[in-house]
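Colleague: All chains should be built: construct the whole structure from the sequences, respecting the hints.
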Amino acid sequence: VAAWIGVESTLSSFDFYLDKDSVAMNLNKVAGLITISGFARGLSLLNENEGMDPSPVCVILEDDAQLCDRFVERIQAVLDELPRDFHFCSIGYSRPKFAPIIDYSPEIGIPSCLWYLTGYILSAA
Numbered sequence: 001v002a003a004w005i006g007v008e009s010t011l012s013s014f015d016f017y018l019d020k021d022s023v024a025m026n027l028n029k030v031a032g033l034i035t036i037s038g039f040a041r042g043l044s045l046l047n048e049n050e051g052m053d054p055s056p057v058c059v060i061l062e063d064d065a066q067l068c069d070r071f072v073e074r075i076q077a078v079l080d081e082l083p084r085d086f087h088f089c090s091i092g093y094s095r096p097k098f099a100p101i102i103d104y105s106p107e108i109g110i111p112s113c114l115w116y117l118t119g120y121i122l123s124a125a
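Everything in the sequence shown is counted per our numbering, starting at 1 for the first residue and increasing by one.
Where hints are given, some of them may not hold.
[What the hints assert, rightly or not] Pairwise CB distance ranges, derived in the manner of DEER restraints:
| id | residue 1 | residue 2 | range |
| --- | --- | --- | --- |
| 1 | I102 | D63 | 28 to 34 Å |
| 2 | P100 | D53 | 30 to 36 Å |
| 3 | N47 | K97 | 32 to 38 Å |
| 4 | R41 | D64 | 26 to 32 Å |
| 5 | L117 | V72 | 31 to 37 Å |
| 6 | L114 | Q66 | 16 to 22 Å |
| 7 | L117 | N47 | 15 to 21 Å |
| 8 | S90 | D69 | 28 to 34 Å |
| 9 | S94 | D53 | 33 to 39 Å |
| 10 | P54 | F98 | 34 to 40 Å |
| 11 | R41 | G92 | 20 to 26 Å |
| 12 | N49 | Y93 | 23 to 29 Å |
| 13 | L46 | Q66 | 33 to 39 Å |
| 14 | N47 | F88 | 17 to 23 Å |
For the record, the hints were derived by calculation from the structure and aren't laboratory data.
The beta-carbon is built from N, C-alpha and C at its ideal position, and this holds for glycine as well.
Modeller: Structure representation (structure tokens):
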């Protein structure tokens, strides 16, 4: 919740860039200000959320995170598979050597133990 409040606060600081008349123009301007964002487009986890729209996400990285090659492409591949009703996804983590990862999809695995995170993806779902 605090992270989403921070995102909303940051976006509201760009109000002076936005036109008061055109929603489409505002969305284009805001999208241009946010370079790492998107929508979770995978199938819903819960049956009652079946058919829900793709969920907007916020990617949050530590200040010392080092992005891998093709980072944006890889994040997009993850977002295409993340369930629309997910809440939290770890990215760039460390785990004990023998802690198993449960396969969820070709791009997503569920670690059984985490030591630290370099970043995460939050959903407003």
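Colleague: Of the hints given before, which are not true for this structure?
Modeller: 5, 7, 8
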